[in-house]
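Fit the two chains together into the complex; they arrive one by one in their own frames, and the hints show the way.
Same order as they appear, the protein sequences are chains A and B. With numbering that gives the first Met the number 0 as the guide, the letters of the first sequence map in order to residues 0 to 209. With numbering that gives the first Met the number 0 as the guide, the letters of the second sequence map in order to residues 0 to 91.
Derived from the structure by calculation, the hints contain no laboratory data. Note that this is a predicted model, so its numbers are computed, not measured. Please note: incorrect hints may appear among the correct ones.
[To be verified] Taking lysine-lysine pairs in the DSS-like style, the calculated list, with each CA pair at most 27 Å apart, reads:
#: 1; chain 1: A; residue 1: Lys133; chain 2: B; residue 2: Lys53
#: 2; chain 1: A; residue 1: Lys98; chain 2: A; residue 2: Lys76
#: 3; chain 1: A; residue 1: Lys39; chain 2: B; residue 2: Lys33
#: 4; chain 1: B; residue 1: Lys82; chain 2: B; residue 2: Lys33
#: 5; chain 1: A; residue 1: Lys133; chain 2: A; residue 2: Lys98
#: 6; chain 1: A; residue 1: Lys133; chain 2: B; residue 2: Lys33
#: 7; chain 1: B; residue 1: Lys88; chain 2: A; residue 2: Lys133
#: 8; chain 1: B; residue 1: Lys53; chain 2: B; residue 2: Lys82
#: 9; chain 1: B; residue 1: Lys88; chain 2: B; residue 2: Lys33
#: 10; chain 1: B; residue 1: Lys53; chain 2: B; residue 2: Lys16
#: 11; chain 1: A; residue 1: Lys98; chain 2: B; residue 2: Lys53
#: 12; chain 1: B; residue 1: Lys82; chain 2: A; residue 2: Lys39
#: 13; chain 1: B; residue 1: Lys33; chain 2: B; residue 2: Lys16
#: 14; chain 1: B; residue 1: Lys16; chain 2: B; residue 2: Lys82
#: 15; chain 1: A; residue 1: Lys76; chain 2: A; residue 2: Lys190
#: 16; chain 1: B; residue 1: Lys88; chain 2: A; residue 2: Lys39
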Amino acid sequence: MAKHHDHDHVDRSGDRSFDQGPPSEYEIMSRAMQELLIEKGVINADQIRSRMEQFDADLPYRGPRVIARAWSDAAFKQRLLANGRTACEEFGLDMEAEKLVAVENTPQVHNVIVCTLCSCYPRALLGMPPTWYKSENYRRRVVREPRAVLREFGTVIPDSVTVRVHDSNADMRYVVVPMRPAGTEGWSEDKLAGIITRDALVGVTLPRAS
Amino acid sequence: MGGEPGGPIDTADHGMKFWEKQANALRNTLTRRKVVRLDELRRAAEDLGDNYLKLEYFERTTHALRVVLLERGFFTEAELTAKMAEVRKRHG
Numbered sequence: 000m001a002k003h004h005d006h007d008h009v010d011r012s013g014d015r016s017f018d019q020g021p022p023s024e025y026e027i028m029s030r031a032m033q034e035l036l037i038e039k040g041v042i043n044a045d046q047i048r049s050r051m052e053q054f055d056a057d058l059p060y061r062g063p064r065v066i067a068r069a070w071s072d073a074a075f076k077q078r079l080l081a082n083g084r085t086a087c088e089e090f091g092l093d094m095e096a097e098k099l100v101a102v103e104n105t106p107q108v109h110n111v112i113v114c115t116l117c118s119c120y121p122r123a124l125l126g127m128p129p130t131w132y133k134s135e136n137y138r139r140r141v142v143r144e145p146r147a148v149l150r151e152f153g154t155v156i157p158d159s160v161t162v163r164v165h166d167s168n169a170d171m172r173y174v175v176v177p178m179r180p181a182g183t184e185g186w187s188e189d190k191l192a193g194i195i196t197r198d199a200l201v202g203v204t205l206p207r208a209s
Numbered sequence: 000m001g002g003e004p005g006g007p008i009d010t011a012d013h014g015m016k017f018w019e020k021q022a023n024a025l026r027n028t029l030t031r032r033k034v035v036r037l038d039e040l041r042r043a044a045e046d047l048g049d050n051y052l053k054l055e056y057f058e059r060t061t062h063a064l065r066v067v068l069l070e071r072g073f074f075t076e077a078e079l080t081a082k083m084a085e086v087r088k089r090h091g
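Bound conformation, chain B alone (with noise of 0.2 Å):
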């Protein structure tokens, strides 16, 4: 997107929520582990198309992480859906 035309710059910082703080920590700790590379998250990212700009910064990570994370087989898509009915049992 670079050199496309924009509009104003909010040159606020607005911080972070807890949860992202969290979510990049994980991104953080599997890439410097080399469980993930930065560049198959950001192809995961790109392939998102016209929703890469509908969806927040850290949504966009957390999608990425997903798809590279099932790709590479370390849990599967009913593992995921399983696990995310129990997150959201415990936290609703």
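So here's chain A without its partners, still in its complex pose (with noise of 0.2 Å):
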């Protein structure tokens, strides 16, 4: 498991404006798309830039920072199963409207998120989600095997703990907190935050001390 720094949302096609090789019909129908609708006036092309900026920059690194806050703060926490949303702004965190639902791993029960609609996702805490997460894979067997799915992450539920899957949509986003690892007693948020993975917040792995 990468660290949350370098995990996510890697651009492997470098900082350039176009990808190598020749345009698919699609990127092209994307882009003339773009390009009318800012000529109409609809959008701007700042608009664009700042949130695909965002999308690296920020979002990805919202949720660890939350988890983070929680494991370190029992009331913060509290106020974050109570209300996902309302907690994150006073955070400081701009959560788009959506309803966020926050499920807490207990030593009797693993949480585990899915969008199977599409890809509903907590954009707002976790940027954009992980190739898999929008498999037809994962959306079909996540619901119906969810144990061997985690298997498959590396992650193994004893059988003694209950394993609940939370089916997302396009106005409930869910996030996972985690059980704090033993080993961390007396970190700071941000060495907390640097070990709270994406990974981890979905709920298809484990949160790890080192």
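As structure tokens, then:
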């Protein structure tokens, strides 16, 4: 498991305005729609640019900060579990109006999230979903055989622990609050955030102290 | 598709191409500004039927955006065709 600073959303095409090779029809279609909407004044180019930057530079790191606060501040955790959106707003995060349900892992219950409809995901906390989250196989199987799916991510949940799968939708997103690992006593929120990965907040892995 | 049988999951994250990031930012800007709604985009994607699984994720979302923007009259089919020809020429 990579650290959260580099685990996610890596643009493997490098920092340039076009991908290698000839553009596909859909790429051309997307760019043409964008240009038409800009010409007609529906949107402007700055909105697209700043949104791209935000997805790379800001959104993916919000989730670990929020969960590190929850691990450090019991009162904040209670507020987060009671109302994810208002708790995040109190933390200074604009949650873009979606309802956020934080589900807490305990010694008795492990939580995992999916969107069987499409790819609804807590983007305001985690940025873009990873490829597998959008894959047909994950969406098909995790609701039917979550323990087998978790094993494919290297996560073995004992039979004595209940596994709950939460199916997201356009208006309601979930985030998992993992259990704080042993060996992290006295850690700062920054240090805690460093071991909180996207995959752990989706529920397919567990955070570790090292 | 939830609950249907499926094969092994590729647990690697393959990241996003530049055009996918741009397409995502476009869709996101439009939903955030309430120009289009997520539900109608999903409906347009599901109307693909058997073709749904033949397209990659951002091809599907781009298709859905095209359907909804045309329905809403933000541009016409002819305008889009002409603009696509222009873009193709520029980058081809």
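Here is how each hint holds up against the structure:
{"no.": "1", "hint": "A:Lys133 with B:Lys53", "verdict": "14 Å, holds"}
{"no.": "2", "hint": "A:Lys98 with A:Lys76", "verdict": "17 Å, holds"}
{"no.": "3", "hint": "A:Lys39 with B:Lys33", "verdict": "16 Å, holds"}
{"no.": "4", "hint": "B:Lys82 with B:Lys33", "verdict": "24 Å, holds"}
{"no.": "5", "hint": "A:Lys133 with A:Lys98", "verdict": "20 Å, holds"}
{"no.": "6", "hint": "A:Lys133 with B:Lys33", "verdict": "23 Å, holds"}
{"no.": "7", "hint": "B:Lys88 with A:Lys133", "verdict": "32 Å, violated"}
{"no.": "8", "hint": "B:Lys53 with B:Lys82", "verdict": "25 Å, holds"}
{"no.": "9", "hint": "B:Lys88 with B:Lys33", "verdict": "32 Å, violated"}
{"no.": "10", "hint": "B:Lys53 with B:Lys16", "verdict": "19 Å, holds"}
{"no.": "11", "hint": "A:Lys98 with B:Lys53", "verdict": "32 Å, violated"}
{"no.": "12", "hint": "B:Lys82 with A:Lys39", "verdict": "13 Å, holds"}
{"no.": "13", "hint": "B:Lys33 with B:Lys16", "verdict": "26 Å, holds"}
{"no.": "14", "hint": "B:Lys16 with B:Lys82", "verdict": "22 Å, holds"}
{"no.": "15", "hint": "A:Lys76 with A:Lys190", "verdict": "18 Å, holds"}
{"no.": "16", "hint": "B:Lys88 with A:Lys39", "verdict": "21 Å, holds"}
Taken one by one, the earlier hints fail for this structure at numbers 7, 9 and 11, listed in ascending order.
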